[in-house]
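Novice: The lines below spell out each chain.
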Amino acid sequence: QKEVEQDPGPLSVPEGAIVSLNCTYSNSAFQYFMWYRQYSRKGPELLMYTYSSGNKEDGRFTAQVDKSSKYISLFIRDSQPSDSATYLCAMRNTNAGKSTFGDGTTLTVKP
Amino acid sequence: GAGVSQSPSNKVTEKGKDVELRCDPISGHTALYWYRQRLGQGLEFLIYFQGNSAPDKSGLPSDRFSAERTGESVSTLTIQRTQQEDSAVYLCASSLQGEETQYFGPGTRLLVL
Numbered sequence: 002q003k004e005v006e007q008d009p010g011p012l013s014v015p016e017g018a019i020v021s022l023n024c025t026y027s028n029s030a031f032q033y034f035m036w037y038r039q040y041s042r043k044g045p046e047l048l049m050y051t052y053s054s055g056n057k058e059d060g061r062f063t064a065q066v067d068k069s070s071k072y073i074s075l076f077i078r079d080s081q082p083s084d085s086a087t088y089l090c091a092m093r094n095t096n097a098g099k100s101t102f103g104d105g106t107t108l109t110v111k112p
Numbered sequence: 005g006a007g008v009s010q011s012p013s014n015k016v017t018e019k020g021k022d023v024e025l026r027c028d029p030i031s032g033h034t035a036l037y038w039y040r041q042r043l044g045q046g047l048e049f050l051i052y053f054q055g056n057s058a059p060d061k062s063g064l065p066s067d068r069f070s071a072e073r074t075g076e077s078v079s080t081l082t083i084q085r086t087q088q089e090d091s092a093v094y095l096c097a098s099s100l101q102g103e104e105t106q107y108f109g110p111g112t113r114l115l116v117l
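Taken in sequence, the protein lines are chains U and X.
For the first sequence, this note's numbering gives the first residue as 2, with consecutive numbering after it.
For the second sequence, this note's numbering gives the first residue as 5, with consecutive numbering after it.
Since the hints were derived computationally from the structure, they do not count as laboratory data.
Some clues are possibly wrong.
[Claimed, not checked] What the simulated footprint calls covered on chain U by chain X, stretch by stretch (three residues with Cβ under 8 Å from a Cβ of chain X suffice, anywhere in the stretch; the number is not a length):
1) 65 to 72
2) 103 to 112
[Claimed, not checked] Example chain U residues on the side facing chain X (calculated, C-beta under 8 Å, incomplete):
3) Ser29
4) Tyr33
5) Lys43
6) Leu89
7) Asn96
8) Gly98
9) Lys99
[To be verified] Calculated cross-link-like contacts (lysine-lysine; reagent style DSS-like; alpha-carbon spacing at most 27 Å):
10) X:Lys19 <-> U:Lys43
11) X:Lys61 <-> X:Lys21
12) U:Lys111 <-> U:Lys71
13) U:Lys99 <-> U:Lys43
14) X:Lys15 <-> U:Lys99
15) U:Lys3 <-> X:Lys61
16) U:Lys43 <-> X:Lys61
17) U:Lys68 <-> U:Lys3
18) X:Lys61 <-> U:Lys99
19) U:Lys43 <-> X:Lys15
For every residue, glycine included, the Cβ atom is placed at its ideal position computed from N, Cα and C.
Just chain U, same shape as in the assembly (with noise of 0.2 Å):
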């Protein structure tokens, strides 16, 4: 079994809907909780970041981390056709070193 399975969807949704996506871990000496966005043949950029349970919102985007489920999730709101990407979580149980991730939601946003 791996430490982090992610639904690797893919996911379709029509331009202004809001887009859940979730990962679960088993691992739980795992603190520190990423997203990255993906595009076609793009390296991942990194969208959020949360350190421990809790939530985080930047802009359209909010992070939610649920550290006694091992589940963590990523909304986006009023989803716009430039949101259509892969979405990776990814964790680690330091600030610094190997992050471990999903395999990746593939999303698009239809105009």
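Go by the hints and put chain X onto chain U.
Specialist: Quick look at chain X alone, frame taken from chain U:
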């Protein structure tokens, strides 16, 4: 400023050949990471450098894989006697010491025939 750069962008090689992949991190970034991404999958950690030392090389899949870094600059990932299962995108990332944000390069797409 300039981001992380990687070369070559694409590499096609024959099974059994050695390949060398290069990563130029962002200037001043002390931490450097190598990951492998197979088609349709997430990133698989290979090795982490802090300066020119590698405190974590636990992800290197076999002794055919090695990496080195010159000071706090360029890193090379070498794959000896390549196999078809080595075909993947090899991604490099760098970050400031103690900084959580890793900045990724565009990757090197390796195809082993």
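Novice: Please flag the earlier hints that this structure goes against, numbers listed from lowest up.
Specialist: 1, 3, 12
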